[in-house]
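What follows is the residue order along each chain.
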Amino acid sequence: MSESAHATGHEHGHEELSFLRKYIFSEDHKIIGIQFMFTGLLFLLLGGLLALGVRLQLGWPGAEVPILGKMLGPGNSGHRMGPDTYNMLFSMHASVMIFFVIIPLLTGAFGNFLIPLMIGAKDMAFPKLNMLSYWFMWPAIVIILLSFFVDGGAGASGWTSYPTISSSTMPMGLGFRSPAQPGSGIGQIYWLLSLIFVGVSSMMGSVNYITTIINMRAIGMTMFRMPMTVWAMFITAILQAFALPVLTVALFLQLFDKTIGTTFFLPPTGLVFGNWTTGPGGGQPLLWQHLFWFYSHPAVYIMILPAMGMVSDIISTNSRKPLFGYKPMVLAISGIAGLGFIVWGHHMFQSGMDARLGTGFMVATIMIALPSAVKVFNWLGTMWEGNIHFNTPMLHALAFVSMFVIGGLSGIFMAATPVDIFIHDTYFIVAHIHYVLFMSSMFSIFAGITFWYPKMFGRLMNERWGKIHFVITFIAANCTFYPMHILGVGGVPRRYFEPTPFATWEHLQPINTFISISAFIMGFSQLIFLGNVFYSLFWGPKADRNPWKSNSLEWTAPSPPGHGNFETPPIVFRGPYEYAVPGMADDYLPQTTPQPAGTTVPVAH
Amino acid sequence: MTLRSPSSRWLLLSGVLPILLGLLALTGCDDAYSVDIRYPLRTDWMIEKPPTLQPTRYNPPGVFPLYVLDHPDTTLFGPDRDWLIQERDEKKNIFDPRELQQETKELISLSLRELSGRPRHPKVDLFGSKYDELNAKLETQLKLDRKTLAEGAKLYRRHCLHCHGVAGDGKGPTGPWVNPPPRDYRQGIFKFTSSSQGQGERKPRRDDLQRVLLNGIEGTSMPSFHLLKSEEIEALVSYVIHLSIRGQAEYVTMIDLFKEEKGLASPTGQKIYERVRENAELIANQWLKAQESEIKPVKIPEYKSEDERLESAARGFRIFSIKEQGGCIQCHLNMGRDAQFFYDAWGSVVRPRNLYLNQFRGGRRPIDIYWRIHAGINGTGMPALITSDADLQQKEDWIWDLVNFVQFAPYPDKRRAIQEKLDKLQENMKPEQRVKLPLD
Amino acid sequence: MTQLWPIALIGILAVAAAGYGVYVLVPTLLRPRWAYLFGAVLALELALFVVAPFVGWWLPRGVSTYSGAVDALFYGILAVTGVTFIGVSIVFTIILFRFTADPERRSVYTHGSHKLEMIWTAVPAGILVILSIVQIPAWLKVKNTDWLKQAITKGRTEDDKRFLQIEVTARQWEWRIRYPSTKHYDEWKTPKSALDDVRLKLPPRPDDLRFVNEIHCAKGQKVLIHLKTQDVIHSLYLPQMRLKQDALPGKTIPVWFEATEANCFKEGNEWKTGFRYDDAAQQWKKDNDFQWEFACAEFCGARHSLMRGKVYVHATEEDFLDWLKTVEQAQGAMTEPAPAAPSK
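Chains as they are written, first to last, in our numbering: chain A, 1 to 605; chain B, 1001 to 1440; chain C, 2001 to 2344.
Hints may contain errors.
Said to hold, decoys possible - Pairs of lysine-lysine residues, derived as DSSO-like cross-links and limited to a Cα-Cα distance of at most 30 Å, are as follows:
1) K1229(B) - K2201(C)
2) K2219(C) - K1147(B)
3) K2285(C) - K1229(B)
4) K1147(B) - K1323(B)
5) K2272(C) - K1143(B)
6) K2201(C) - K1414(B)
7) K1229(B) - K2325(C)
The hints are simulated quantities; they were obtained by calculation from the structure and are not laboratory data.
Here chain A stands alone, though its shape is the one from the complex (with noise of 0.2 Å):
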C-alpha cells in the first residue's frame, strides 16, 4: 500500500511525516475516509450480533438459550433472556446500526475517499476539521461501548429513545437512576452523550463536504459533470447541516432533564412509577417527538441518499450505458431531501396530533415515493439496451434497485394515515426500515466497498466469495425480512420479547421462527465478506488504476492514489457517463480524456 504512496512528484517539501501522523492522525481524506471505513465495518459485526440477539429470544420464545443462556440469563433468571436484555438489545441493535454503521460508512469512508478524487481536488477544504470528525467519533464509540457495562445496562428505549420512558429520572439528590426501566439510566445518559459526539462529528463532516464540493473543483468540473455520488454527497451533507442541529439540541434537553433536574419532557401532571413519584413538570412528552423526528426522518434521507448516488455511479459503469436522465436524477434526489423536511409528523399519527395537521404530514409524505419512483425508473433506463457486466458490485446494486422497490412501495402504506392507525408500530414497520436499510443502504455498501476498494487498497477483492456472499445474504436477508411483512399484516407489534401471548397472532410464531433461523444464516454469512475484505488487504490481486474501465476522476488517480491524489492537476471535459460513445473503439471516455477525433460528444453537460 505504501510503495505507490510517494509515487508524486509534488513540490511542497514538508519533511516526512512519521507513522503516528500518516496513519493514525492522518488529514489525508482517504486514510481518515478509510478509518471510517473500518470503524463501521467493526460496529457491523457488534449491530449484527444485537440483532441476532434479539432473533434468538423472537424465534424461541421462553427458551433456553444455548451455550449463551448462562451469560444472557443468568443464575436468577432461568437461563433465559430477560425482557429488560431484550429491549437493550433491539434498542442498542438499532442505535448502533444507524449511528455508527450506517451513517459512518456512507457518509463518513465514502464521502470523505471519494468526492475530493472525484471532483478532481487535492484534499477536502479543512483537512485538520475532517481528523477532527473522525476523531469526535472514538468518545462516541467508547462511551456507548462503556454503556453497556454500567448499572441497569445500556439504553433501552428504542433508537427513538421516548420521553418519559426515557427521560424519567428520580427526583434531583437521589441518583441517575430510572424508575421506568433500569436501561434508562447511566446507560441512557451515556447514550445521549454517545449521540452528541456523533452528530457533532458528523455536523463537521457536512460543512466540510459542502465547501469542498462548491468550491474545490477542478477545472471544467462544473456541477452537472460531477458524478451522482458527489451529487448525492452534497445534498446528504446539507441534509445534516440542517438537521442534526435540532437533534443536538433534542439530545441536551433530554441530557439535561436527566442529570440537572429541567423538566422539558416532564408534564405538569407528573408521573407515577408504583411508590416513586416524579414531582409536577413545565414540559410535555410530544416536544420530544417533533424535535427528534425533525432530525431523524432527514436521517433515514441521510442514509439512503449516498446509496443511490452510488449505485447510479456503479450501474452506469457496469451496464457501459450513460445515465439515463442526469439532470432529473439530480432533481429527484433534490426534492427528496427538500421534501424530506417537511414530512417527520408522519412518524406521529398515532401521537394524537389534529387530524387537519396529520393530513397536511400525509400529502407530503405521499409525494416523496414519485422522485424515488423516477430514480428506479431512471436505473431501469440505464440497464435498458446496455451491457451489463454481472460483477460483485453490480450484484449488489441490482439488489439494490429491486429491493429499494420494495422498501419504497411498504412506505406508500405507511403514508396513507388510517392504514398508518393499523400497521403503525407493527412489523410492517419493521420490514419497511430493514428493505431501505439493509436491503438498500448495505447491499450499497457492499457494492462500494467492493468497488472502490482496489482505489483505496490497490488490490481486488476475490470475485468467487464476493459473488457466493451476495446469493447468501441475497436469499437470506430476503428470507429474513420478506415474511416480516406479513407479520406486519397481521397487526403483530414490534418491540416485542413475547407475541405469543395473543390469541390474534399465535398462528404467526412459525414465521418468526423462520426468519430467526433466515437471519442466522444471514448474519454468519457476512463473516464471508468481512474475511473477503481482511484477506484482499494481503493477498488480493494486485489492481491497476481503472479495473472497472470507469469514466470518473478517482479512475485516473494511482490505486491507491498519493498524497495529493492526482499526479497532475486534472482538467475535464465532459459529464462522467460518456460510455458506448459512438465513434470510439473503446466503450468508455473519461472525464479528462480530450475530445477523440471523430466523435461529437457534449462538451457542455
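Keeping the supplied structure of chain A fixed, place chains B and C upon it in accordance with the hints.
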C-alpha cells in the same frame, strides 16, 4: 472447485459456518426450567424483626435498602445508611447467612432439596413415614401434588420469574427496579390475607393468592393475570405456596443455626435435616389451618340509601381520629398524606396509605377493606383491630363504619357530605371532642 | 412449539438445496443467468403475498364501523403497489436476461428521454395525488368524531342511542379500566349528563366499577374511551377494531369505536368470548376469529409485550348491562364467597 491458496480455506469454512450455525439455532425449545438449575441457597440478609428506625426515603431504582449492609460506602441512601448499619450491629436482628459454616450450609441445602426438589421437578415432600398423612393433606387440600407443581413451575418461569426470582426471593432481574419491590415469599408472610390466625403464624388462603393473581395489585408492578386459564392460575398458586414453604423452612432453620453458631442461643444438638423437616411441618400445618380460618363478617349491615352510608362514614371518621377507638390517624397523618416512612418485615421502605389517593392495593371491595382492618396487614405496621372474640362483638360495627369512610374519602364532594353529617353528629359534643375532616 | 417441525424441515431442505447450489452448481451458475436468481426471489415474494390470505396469515377480522374503510384503503394501496411491483420486477428481470454483456454488441448511447421522464413523473404523480385524496374520507371517518360533535351541539347522537364512556388508564404494565355504575349509566339516558361527562372527561365517582384488561361494550354501541396514562407513553391498540391511539402522560385523549358484531355470551355465571352467533343455527359457535384482544403498541418497558387485554362485545345492551350488574355486585361484596366474578 480449486482453492487459490492455503489461507482461502478459511473462507471455505466461513461458507459452511453460516449454515451449520443456522441449524444450531434450532436447538433449545423447551419451556420448563433447565435440568441443571437448582434452587439457590439463601445468601441475602435475613431480617428477624423489622428495623425500628425510620428511614427518610425510598430506595432508588436498582438497589434494595439492605444494599447498604454490603456496600457501606454508598451515598445512595443518605443518613439511612448509617442507621441501618447501626441497627444491624446493635440490635442484632439482621443476619448474614453467608457467615454460616460451609458444612451447615451444605446440609441445609441437601435437606431442602429433599424437601422441595428442584425447579424442573418441584415437590413438597416431608420425608419419613410419620409425615405421610401430612403429605397427603398437602396434596389434596393445598394442591401441592407433583403434576400441578411442575405445571406451575413452567408458568412461573414464563410469567413471574423475572421479578420474583427462581426461589421466590423477589430479586429477579427486574426486581430491584420496581417499587414496591416484588414479594419475597421466603418469610412466609403475605400482606393481603383473609385468615384469622395470629400474627406470627398467619398464612394466606388459596383464595387470597388467587385474588392477587386475578386482580393484580393496584399501584404496584404486580399485573393482573386474569387472562390466564383457571387451571393455570391454580397451578401458579400451588407453586407459590411451594416456594413459600421451602423459603420459610430455610429462613427459620438458618436463623436458628445462625444464633447457635454466634452464641446468641444455646445449641439444641438437633440434626439439621430434622430441623428442616420439623420447621417444614410447622409451616405446612399453618398453611393448612389457614384454609379453614376464613374471616367471615358476623353482621353485614344493609344500607337503604347512600345517606345512611355517609352517616356510617361520618362515624367511621370519628373512630379513625380518636385514639381510644381506632386511632388510625396516628399513623395515617393528615389522612396519610404526611405519613412517615417505615421498614416492613422484608426490609423494604413503606408508608401508611394515603387515603385520599383512591388506591387500594389489597382490593377495593368492602370485604377486602374489612379484612385489612380486621386482621391488619401482615408484615407491615398496620395492626389488627380485632384481637379476640370479645373485640369482635364490640367493634364489628366500627369496622363497617371505617370501611364506608375509607371508600368515600377519596372523593371531594363526598367529603363535604361527610363533614355535614359529622356536624350533625357532633352537635351536642364538647368542642374538644369534635373532629374535623380535611376537605382538600 | 408443536408447529416447529414443518418449518424446521423446510428450513433444512432449503438450506441443503442452497448449499448444494452454492458449492456444486456455482461454476455453472456463474455463467450469468442472474436473472434466474433475482426473478425467482421476486416471484417467491409475490407468491407469499398472494398465498398469505389463504393460509390465515392476513389482516385480522375487521369488526368496527370504520374498519371497512381502513381495509378498503389498504387493499387499494395493495393493488396499486402490487401492480407497480409486478411491472417493475418484470422489466427488471427482462433487463437482466436480455442485456447481459456481449462483446459483439454495443450499448445504445443515450442520455435519457425527456418524453419518458415526463410520462413516468406525471403518471405516478397522478396516482399518488389520487391516493392522497381518496384516503381523506377514511381518515375523517376515524378521527373526526362527527357523531360526538353533533351529540354535544344538538344534545343527541344521530341515531339517538346511548354511548358508553369508559376511562382507560394505561400504566406499566396493564390497562386499568373504569366503567360507570349501572345507576350512572342509566343517568346517561339524559344526554346532558353524558355530555357533561364527556367535557369533564368522566370524573371519578365512588360507585364506579373498576376492571383490569377487559373492555366490554354492546354491539352497535359507540364507545368513547378517555385514554390516560400514569407513567410512560403507551398505545391502546385494538387490532380488530383498527384502533390505535398513543396515550400521553399529562393528557387525556378521546378515542372511539363502534363494534358491528358480537363475540360473547353468558353461559351459567360467566361470559365466554371467542364465539360467533350463527343466525341459521340460532346458536353460538366457537370461532377463533372472534377472540378480540387489545395490546400496547408503544414501547413501555419490561412487560410491554404482556399488556394483553380482551374485548367483549355483548350482543345486546341488556346483556352488557347484565354484565355490568354482575361486576357491581362482585365489587360491592361485603362477604365471601362473592357472587361469581365475571368472565375469564
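Going down the list of hints, with the structure as the test:
Distance check on the hinted pair: K1229(B) and K2201(C) sit about 34 Å apart at the alpha-carbon level, beyond 30 Å; violated. The suggested pairing of K2219(C) with K1147(B) is violated, with an alpha-carbon distance near 42 Å, which exceeds 30 Å. A distance of roughly 20 Å separates the Cα atoms of K2285(C) and K1229(B); the hinted pair therefore holds under the 30 Å criterion. Between the alpha carbons of K1147(B) and K1323(B) the distance comes to roughly 52 Å, so the proposed pair goes past 30 Å and is violated.
Distance hint between K2272(C) and K1143(B) is fulfilled; the C-alpha atoms sit about 26 Å from each other, no more than 30 Å. With a CA separation close to 19 Å, the supplied pair K2201(C) and K1414(B) stays within the 30 Å bound. Taken as a hint, the K1229(B) and K2325(C) pair is honoured in the structure, with Cα atoms around 23 Å apart against an allowance of 30 Å.
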